[in-house]
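Enquirer: Here's the letter readout for the chains.
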Amino acid sequence: MAAIAPRADATEELPRATGRQLRTVLILLVPGLLWLGIFFVVPLFTLAGTSTQTPSGSGIPGEFVQTFHLANYWDVISEYKGHFGRSFLYSILATALCLAIGYPLAYLIAFRAGRARNLLLVLVVAPFFTSFVLRTLAWRQILSDDGWVVSSLKWVHVIPQDMAVTASPLAVVAGITYNFLPFMVLPLYSSLERIDPRLIEAGGDLYGNGFAVLRKVTFPLSMPGVVAGTLLTFIPASGDYVNAALLGNNRTTMVGNVVESRFFRVVDYPTAAALSFILMAIILVLVVLYVRRAGTEELV
Amino acid sequence: MSTGIKARRWLGRHALHIYGVLAFAYIFTPIAYVMVFSFNRPARSNLTWRGFTLENWTNPCNAPDVCNALGNSLKIGVASTVIATVLGTMVAFALARYRFRGRTTTNLLIFLPMATPEVVLAASLLTLFLNMRVQLGFTTIIIAHVMFSISFVVVAVKARIASLDPRLEQAAQDLYAGEFETFRRITLPLVAPGIAGAALLAFSLSFDDFIITNFVSGDVNTFPKFVYVSAGRGIPADAYVIGSAMFLLAMAIVLAAELFRWRRAKNL
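Chains as they are written, first to last, in my numbering: chain A, 1 to 300; chain B, 1001 to 1268.
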């Protein structure tokens, strides 16, 4: 099995594999990478291929021929721009909410939790242990207009009396926020935890008040976590359709809902493929722009 | 000092803790909801409270299909966890221990599936299966679950290997242990908790996956798919029992592991 590297330390350069070690590396890598190659990379090409197909004309649903019909993309963009808009609006809102809710929580766990740190981290990911669909449905009940949560919020005038929460964009954003919160808290925690507490003390010694230290020292140092957390929240959120399907109405549907229905209800694979491809392309562009702007190359 | 100022000071000092309590209350609200409604008296749907009963817990397979779907989910979860953990651990060792040409590409290939929305992974896999005329079912679900779990296993195990003290392995070799023996008696036991954690993660990803499963499952039912499909006509309370039981089981495993670690840390 793996040959033991003599000085494999995180801080030192790893040894360059040669000869027999190279063979070991190959044996270790090939099965896993082959799996990803065949079932992740190749499908992206078949997806691209499918996205430019047109119906075969035989009248049989589900039969398409390759005609390199790039106009599929324009059709899809003009027909579903509302869905793209909502997908990105909802996921950006939810990501911002996750950051606002998650940052103080990650800060608390990293700096104030003492021995309970690991336990609290487990509690943050606890929702993962109940079914995703079940807890989304639970929110539908909890946030229903005649439930006690909405009525008490109306009673204290946090939300207007005549506002509907059931099957509204608000419920969809709330659901996405809840479901992806752990993806925000974990990277935030791991980058906050790495900050040398002496730097924060030094900020205090230099007469920075709590807020100034947070703004000038802690937050900038936690930037890698902020970037990783926002990406890990935003990317799955923008492709999600379960929250929109279970918590929203037919005017809150996102790109994922269309992809699903084009595959299963209307047998229209090219449209679904083109939609998925555009979604991925937009996400890729947004991620590159964002990472550049946030000025960090650290992604995971 | 007036009580007002005192109260404000106290609030200032404890604001973060109060926030923490509220945040965890928020995190646990839907979980508590699922648990409470698992004790609801059964009817066609489980939306309004009708009274306390233990009936659902004593007979969780009452509703047709629910346990069948659960069984499928467990089988798929175990199979894909085993494959993903083995393949991912192998890749993690190669990446953590060696420098080689193509390392950057490998890292990218590991990272990309995690940065792709599920619906895109699902749509692309389905187009592949449709083009190749592959029969959708258990095999295609397991293929898909292994695909999206590998990356998470690699990341988790790699982190564990990187945190090892290299001197332990050197000591073994100084004591005339061969490469294989060092690996088997020193490296593997030290990395094992990382591998176990990765396997738990892979299982929970597989068990809870809905979007990708929904695309590539054909007519095989899984637990999340069962819940989603029955959401329209009413979910039986048995599904809430299974959801709660899985939650309690997972929490028990994690807490037991944590307790074990505490006790070991105290003994060392």
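Derived from the structure by calculation, the hints contain no laboratory data.
Do not rely on the hints blindly, as some may be mistaken.
Selected chain A positions facing chain B (in silico; Cβ < 7 Å) [to be verified]:
{"#": "1", "residue": "L14"}
{"#": "2", "residue": "L28"}
{"#": "3", "residue": "G32"}
{"#": "4", "residue": "V133"}
{"#": "5", "residue": "W139"}
{"#": "6", "residue": "L143"}
{"#": "7", "residue": "G203"}
{"#": "8", "residue": "L206"}
{"#": "9", "residue": "V259"}
Note that the coordinates shown come from a computational prediction; the quantities given were computed from them, not determined experimentally.
The beta-carbon is built from N, C-alpha and C at its ideal position, and this holds for glycine as well.
Enquirer: Against each hint, give a clear statement of whether it holds in the structure.
Expert: Outcome of the hint check:
1. L14: holds (4 Å)
2. L28: Status holds, d = 4 Å.
3. G32: It holds, given that the least Cβ distance between G32 (chain A) and chain B is near 4 Å, below 7 Å.
4. V133: Where the cut-off is 7 Å and the nearest Cβ of chain B is about 4 Å from V133 (chain A), the hint holds.
5. W139: holds (6 Å)
6. L143: violated (10 Å)
7. G203: At 17 Å from the nearest chain B Cβ, G203 (chain A) fails the 7 Å test, so the hint is violated.
8. L206: For L206 (chain A), the interface hint is violated, since the closest Cβ of chain B sits about 21 Å away, which is over 7 Å.
9. V259: holds (5 Å)
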